[in-house]
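Engineer: Both chains come to you apart, so use the hints to assemble them.
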Amino acid sequence: MDFELSPEQKLILETVRRFVREEIVPLEADLDPDASELPPHHRERLVAMTKELGFYGLDIPEEYGGPGIDLVTRTLMAFEMAQHRAGLYAPCYGVFGGAGLAQLYEADDDQKERYLYPVLRGEKRGFFALTEPSGGSDPARAIRTTAVRDGDDWILDGEKTFISGADKADFGIVFARTDPELGRKGITCFLVDTDMPGFRVRRIVHTLRSSHYAAELEFNGVRVPGRNVLGEVNQGFAIANDRLSRNRIPYAAGCVGVALKAQEMAIAYAKTRKTFGDYLSTRQAVQWMIVDNEIDLRTARALTLEAAARADSGKPFRTEAAICKLVASEGASRVVDRAMQIHGGYGMTKDLPLERWYRELRIRRVGEGPNEIQRLIVARDVIGGSFH
Amino acid sequence: MTGVRLAKPWLDLDDAAIAALPGQLGVYEIGDAKGGTLELGFAGGRSRFGLRSAIAEAAAKHLAASRFRYEVTMQYWSRFEELLAVYVADHGELPPGNADRGVQRVGRLGVDRVAATGE
Numbered sequence: 001m002d003f004e005l006s007p008e009q010k011l012i013l014e015t016v017r018r019f020v021r022e023e024i025v026p027l028e029a030d031l032d033p034d035a036s037e038l039p040p041h042h043r044e045r046l047v048a049m050t051k052e053l054g055f056y057g058l059d060i061p062e063e064y065g066g067p068g069i070d071l072v073t074r075t076l077m078a079f080e081m082a083q084h085r086a087g088l089y090a091p092c093y094g095v096f097g098g099a100g101l102a103q104l105y106e107a108d109d110d111q112k113e114r115y116l117y118p119v120l121r122g123e124k125r126g127f128f129a130l131t132e133p134s135g136g137s138d139p140a141r142a143i144r145t146t147a148v149r150d151g152d153d154w155i156l157d158g159e160k161t162f163i164s165g166a167d168k169a170d171f172g173i174v175f176a177r178t179d180p181e182l183g184r185k186g187i188t189c190f191l192v193d194t195d196m197p198g199f200r201v202r203r204i205v206h207t208l209r210s211s212h213y214a215a216e217l218e219f220n221g222v223r224v225p226g227r228n229v230l231g232e233v234n235q236g237f238a239i240a241n242d243r244l245s246r247n248r249i250p251y252a253a254g255c256v257g258v259a260l261k262a263q264e265m266a267i268a269y270a271k272t273r274k275t276f277g278d279y280l281s282t283r284q285a286v287q288w289m290i291v292d293n294e295i296d297l298r299t300a301r302a303l304t305l306e307a308a309a310r311a312d313s314g315k316p317f318r319t320e321a322a323i324c325k326l327v328a329s330e331g332a333s334r335v336v337d338r339a340m341q342i343h344g345g346y347g348m349t350k351d352l353p354l355e356r357w358y359r360e361l362r363i364r365r366v367g368e369g370p371n372e373i374q375r376l377i378v379a380r381d382v383i384g385g386s387f388h
Numbered sequence: 001m002t003g004v005r006l007a008k009p010w011l012d013l014d015d016a017a018i019a020a021l022p023g024q025l026g027v028y029e030i031g032d033a034k035g036g037t038l039e040l041g042f043a044g045g046r047s048r049f050g051l052r053s054a055i056a057e058a059a060a061k062h063l064a065a066s067r068f069r070y071e072v073t074m075q076y077w078s079r080f081e082e083l084l085a086v087y088v089a090d091h092g093e094l095p096p097g098n099a100d101r102g103v104q105r106v107g108r109l110g111v112d113r114v115a116a117t118g119e
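Note that the protein sequences, when read in sequence, are chains A and B.
Counting from 1, position 326 in the first sequence corresponds to residue 326 in our numbering; the numbering is continuous, with no gaps.
Counting from 1, position 47 in the second sequence corresponds to residue 47 in our numbering; the numbering is continuous, with no gaps.
Just chain B, with the same shape it has in the complex (with noise of 0.2 Å):
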């Protein structure tokens, strides 16, 4: 079973670690430096190279970006929206990268807080 937060490991976001990531599908977060999210998203099946060019093209979008975690899964679009409802849950809005998805059109998950920084 799955757990419903996105428990891999932050990475530093430079060209290596872009370059080294898979042309997979799958889900994955930006964030800053002060541990903040700033857009969770997916490299679904129109993304050129997968995970590679998705984090790429979102990190691009965001001068704070600083670091970045991902899972890979085909069931990308499920495991997006339950991100996106694990994260409202958390802190009653939407990343700044997603804020023009609008709250109201993001699922109700009722999650521990325990573990609110996805640590």
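Bound conformation, chain A alone (with noise of 0.2 Å):
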């Protein structure tokens, strides 16, 4: 597979990146280490820039608006965009726009008119839900939250956790239960205002990432209109399911990215500091670790963009994406706990960034589905056949 980037690529890389080095990170001196939000004067400055740039909304699809950016090139775009201290979960303290939550593109056009059209003019913010605290990595069969038909409306009940900007949006896509003997084919996905009686934020979750928390809900007979039945009712799995292996690109692409500049850190340290008369550069037991970090991070690197072309090219990319988001998140977290090892008693602190891409890595190997079923959809689709 030929990665050579073209001009264009090349001169969208360069841009992002002093972007990045230039506008993000001078911020980040005067943030607290664990900020994921940009002060909102600042914020709209560099929303105006990314804007001229033409780089605004990268993900939204170019009918809708969106610069039709190719997914290799949004992969090498996210690498870039990753290389600050909060640019694992806050990437430019998402300043480039978002695209919004991907499942209202298949809305009909009255949802889009409420939900969706909002959001991409920045009126509206959504979450997603589907993980419940019967479990996250079999959401087919750990859904427990149900949706009961009442005349031409629906009454959900049930609990969500681990989901992320609920506390702050105006809506929800929430998967429910519609038929209990039916499996993945029973579930249903509602658009729920957060203003339906019934509807209740419960409380944060605390977790190692401390900004940019998620939150567990409550859906306590809360009656949604059958108009905001997304899809075909008990066809919401295949929803769920498309956004789960989509997601895991980018998902890997930001650990890569935060391993990349973990890696120039520890290679920039090594060769300014000094034990016993010499630089740590010189010392074998530093390099190994360096040329360990480059090897995990030319693995993962190659491993996104292949899944990345792959799904570009219209072809099935789910092992791919699975293939990637595990080797990418598993050598990120080595990477910057080499380069924490490299920089000693300073790797620790929170006067560097490693620190945060060290705890935050560490949730990445169970977001997104957690690497052990990275691996069972692997041996699924390498095997073949279902494991039951």
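Hint data in this document are derived by calculation from the structure and do not stem from the laboratory.
The structure presented is a predicted model; accordingly, all values stated were derived computationally and were not measured.
Where hints are given, some of them may not hold.
Said to hold, decoys possible - From chain A, some residues computed to sit far from chain B (all C-beta separations above 12 Å):
#: 1; residue: Ala-107
#: 2; residue: Thr-131
#: 3; residue: Asp-179
#: 4; residue: Glu-216
Claimed, not checked - Calculated pairs, DSS-like style, for lysine-lysine (alpha carbon to alpha carbon, straight line, at most 30 Å):
#: 5; chain 1: A; residue 1: Lys-315; chain 2: A; residue 2: Lys-112
#: 6; chain 1: A; residue 1: Lys-10; chain 2: B; residue 2: Lys-61
#: 7; chain 1: A; residue 1: Lys-124; chain 2: A; residue 2: Lys-112
#: 8; chain 1: B; residue 1: Lys-34; chain 2: A; residue 2: Lys-350
#: 9; chain 1: A; residue 1: Lys-51; chain 2: A; residue 2: Lys-185
#: 10; chain 1: A; residue 1: Lys-185; chain 2: A; residue 2: Lys-315
#: 11; chain 1: B; residue 1: Lys-34; chain 2: A; residue 2: Lys-185
#: 12; chain 1: A; residue 1: Lys-350; chain 2: A; residue 2: Lys-271
#: 13; chain 1: B; residue 1: Lys-61; chain 2: B; residue 2: Lys-34
The C-beta atom is built at its ideal place from N, Cα and C for all residues, glycine as well.
Structural biologist: Encoded structure:
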């Protein structure tokens, strides 16, 4: 597979790299080390810049006003956009805009008017609620939130957990069981407004990732109109599944991005820090850590780009997405761990971004499907058949 | 599981109490003598002496400050966001010391109001 960059890609990447290093990184000197948001005046200024560059709303399809960037280029950009302290979970603090929620592009015209377009205009915010206290790795079986038809409406009861952004959202994409006998074919997707009676954000779930937190939700007899069913009744799992595979590629790219930066920092430090009269970079123990980092990085980078290229080509990419998510999250964790070791005591401090990446990368081995599930997906695809 | 409210004892605000504070990271609440909250805040990774310096600096901004309470936590950012959201759920507005943040930037939590005083 040839990943020689085109002149256009080189220009895009150089622009993004300069943006991150000249506009984002300097601001972090004044932010709390765990911050995931910029002060509003900086955010507005930088959003204006990304719009001027034509890079705003990178993941929005071209027919909805997005810049129409292919996934390989988008992945290369994600490598760059993650290279700062908050970069793993808040690349460039969101000033490149989001795509909204990809499922909304499958909505009917009425739903697009009420949800998709307001999201794209920045007037509404949504959340994606699949995982429940009963489990997230096997959502088709774990979903216990129920939706029972009542006339033209549906009544939702249940709980969701580890849901990002719900406490500041206007609506959510919520998966509920509508037929208990049908397993994964008995799940339906609903658009739930957060001001509907019976909906409640119960608490914030405190994790290793202090900002950009998740929340626990409660649905207590929430009455949802029938026109808020997204897609077909009992076909919700396919909507969830499509999102899960596709999201694993940018998820992997973020891991690669912070690992690239950690390696750059490790090399720079090893070339300036002396012990026993010579630089760390001359010590074989340190050289091997840097070499192992490079192997992890190149492997993860290549596999992530391979998955992106496969998705761009229109071929099935579930296996490739699972592999890149698995390899990038585990490889980046090792890279950051070694970079901390090379930095010694400073590597543990909040003066450097390494400790934040170390904490947040631990989550990446569980988020978007634990790595054991990624192995299961690969095994299922490689060996074939079901494991039941 | 951490409760959503800051269920720690109030301490009188004086130099000795401040000096005895840990240098760890965490969240705090500055109150007045009437039982009101003046400011919620956190001692983050850039604080010079953790809660000790953060509470001293916050208290100095409020003439009416007479008491405080705190909670040591490494998850100071999400805990701070949670405390702001609980306060807004109880009072419909932010404490005076946090007003410049704007209610629209605070999350919405559905909390039980029975313990709204936080005592």
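Engineer: Decide, hint by hint, whether the structure agrees.
Structural biologist: These are the hints, each one checked on the structure:
| no. | hint | in the structure |
| --- | --- | --- |
| 1 | Ala-107 | holds (24 Å) |
| 2 | Thr-131 | holds (17 Å) |
| 3 | Asp-179 | holds (29 Å) |
| 4 | Glu-216 | violated (10 Å) |
| 5 | A/Lys-315 / A/Lys-112 | holds (28 Å) |
| 6 | A/Lys-10 / B/Lys-61 | violated (51 Å) |
| 7 | A/Lys-124 / A/Lys-112 | holds (12 Å) |
| 8 | B/Lys-34 / A/Lys-350 | violated (38 Å) |
| 9 | A/Lys-51 / A/Lys-185 | violated (41 Å) |
| 10 | A/Lys-185 / A/Lys-315 | holds (24 Å) |
| 11 | B/Lys-34 / A/Lys-185 | violated (58 Å) |
| 12 | A/Lys-350 / A/Lys-271 | holds (22 Å) |
| 13 | B/Lys-61 / B/Lys-34 | holds (17 Å) |
When held up to the earlier numbered hints, the structure conflicts with 4, 6, 8, 9 and 11 and fits the remainder.
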